[in-house]
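Engineer: Residues per chain are reported as follows:
There are 2 protein chains.
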Amino acid sequence: MRIAVVLFPGFTALDAVGPSEVLARLPDAEVRFCAAVPGMVPSADGAVQLHAPDSLAHDARPEVLVVPGGPGTRTLVNDARLVDWIGRVHSTTTHTLTVCTGSLLLGATGALNGLEATTHWLWMDALAAYGARAVQRRVVEAGKIWTTAGVSAGIDGALALAARLAGPQIAQAIQLSMEYAPEPPFDAGTPDRAPAEVRALVLERARTGRFPSR
Amino acid sequence: MRIAVVLFPGFTALDAVGPSEVLARLPDAEVRFCAAVPGMVPSADGAVQLHAPDSLAHDARPEVLVVPGGPGTRTLVNDARLVDWIGRVHSTTTHTLTVCTGSLLLGATGALNGLEATTHWLWMDALAAYGARAVQRRVVEAGKIWTTAGVSAGIDGALALAARLAGPQIAQAIQLSMEYAPEPPFDAGTPDRAPAEVRALVLERARTGRFPSR
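Just so you know, the sequences run in chain order A and B. Position 29 of the first sequence, counted from 1, bears residue number 29 in this note's numbering, the numbering being contiguous throughout. Position 82 of the second sequence, counted from 1, bears residue number 82 in this note's numbering, the numbering being contiguous throughout.
Honestly, I wouldn't trust all of these hints.
[As the list claims (entries may be wrong)] Residues from chain B shown here face chain A by an in silico Cβ test under 10 Å; the list is partial: (1) S20; (2) E21; (3) P27; (4) E30; (5) R32; (6) P42; (7) V83; (8) L115; (9) L122; (10) G150; (11) G157; (12) P168; (13) A171.
Since the hints were derived computationally from the structure, they do not count as laboratory data. Cβ coordinates follow ideal geometry from the N, Cα and C atoms, glycine included.
Please model the entire structure based on the sequences and the hints provided.
Structural biologist: Following this line, the structure appears as structure tokens:
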């Protein structure tokens, strides 16, 4: 099974690596990263640079396409080359998984029109603008399209997809091998559970690119 | 605040990228990857290659050192250059965070002797062999040393460390920005909760490097 993860400057590192860590553990699966310009692709955080050996011209016809999100999507939803590539590759996948604002890139292809889909909680309106029925859930399955909430939700989505692809026992074994029994130190992972001051900090970061110093 | 993540061939990608995704969001923090041979460092899964701009000779004296784990640690605990570097850098950090079997590399420096520490559930005996009091918990704090359980536990450990470094409000804002409200599709993330057949699959993968095909 060929699994392609498409990278672009300004992707969020965990959006790509969470699902790739899960899906690369599937038996008989090969995960490959690709990008418009092969080579090192800088993530949004300035620290992670991931290597994409394949260019978008490389016609792999993967069974599974993974589209991460990140600040880079804000301009790249208007990049015809990337959006066309996603639309074309998606047309022959068995499953397409988006993480965070990766769903906006898929939305820009028209593939989400009329479908239930999700994204990072800050970008629900942008998702709806592509004709999707935007819902705030962790993982949304709509036919072969799986969209997930912000950043870390890609791990949950990939595990659910792994169960579909290889059965629940292998998916559980992947979960156990990654010791994925999360214990977040706070209960602040969704906008309704986080305090208002915490939400305000995230809105400020969305506007300025960083959290304020103390 | 300088945060160094040390990479080596055969590191587990999520061990490194989970914490880097969290810690790079701290205000006034810079995360940098380093490795014995700077450049592209291949992870254990064969797909992820992360770029390390700095060599171990680059004397950065980071405030925070992150040591990921992965299959590469099995031989690298005997690599004097890497182990000496970890011991030397650790000696001047304010905090050192290990993920998964990264604690074995720190253990090989002697730094865990007599301390409570944890690692991936499969490697508790190896950790104890370094004189640590090995405990099966998600995150273990022992003075400035934070050790975490397998792979995904680095996210929880890094969030707890972020709270220590920048206060609980910023840590919660990081959590919310990553929408870290996990919903694993199964309850199989620890050896006591996973069915026996699932545990057997993970033991087989530890032996052979992969899960069996169906």
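Engineer: Work down the list of hints and note, for each, if the structure agrees.
Structural biologist: So, going through the hints one by one against the coordinates:
| no. | hint | verdict |
| --- | --- | --- |
| 1 | S20 | holds, 6 Å |
| 2 | E21 | holds, 4 Å |
| 3 | P27 | holds, 4 Å |
| 4 | E30 | holds, 8 Å |
| 5 | R32 | holds, 6 Å |
| 6 | P42 | holds, 9 Å |
| 7 | V83 | violated, 24 Å |
| 8 | L115 | violated, 20 Å |
| 9 | L122 | holds, 9 Å |
| 10 | G150 | holds, 3 Å |
| 11 | G157 | holds, 9 Å |
| 12 | P168 | holds, 7 Å |
| 13 | A171 | holds, 7 Å |
Hint violations for this structure: numbers 7, 8, all remaining hints satisfied.
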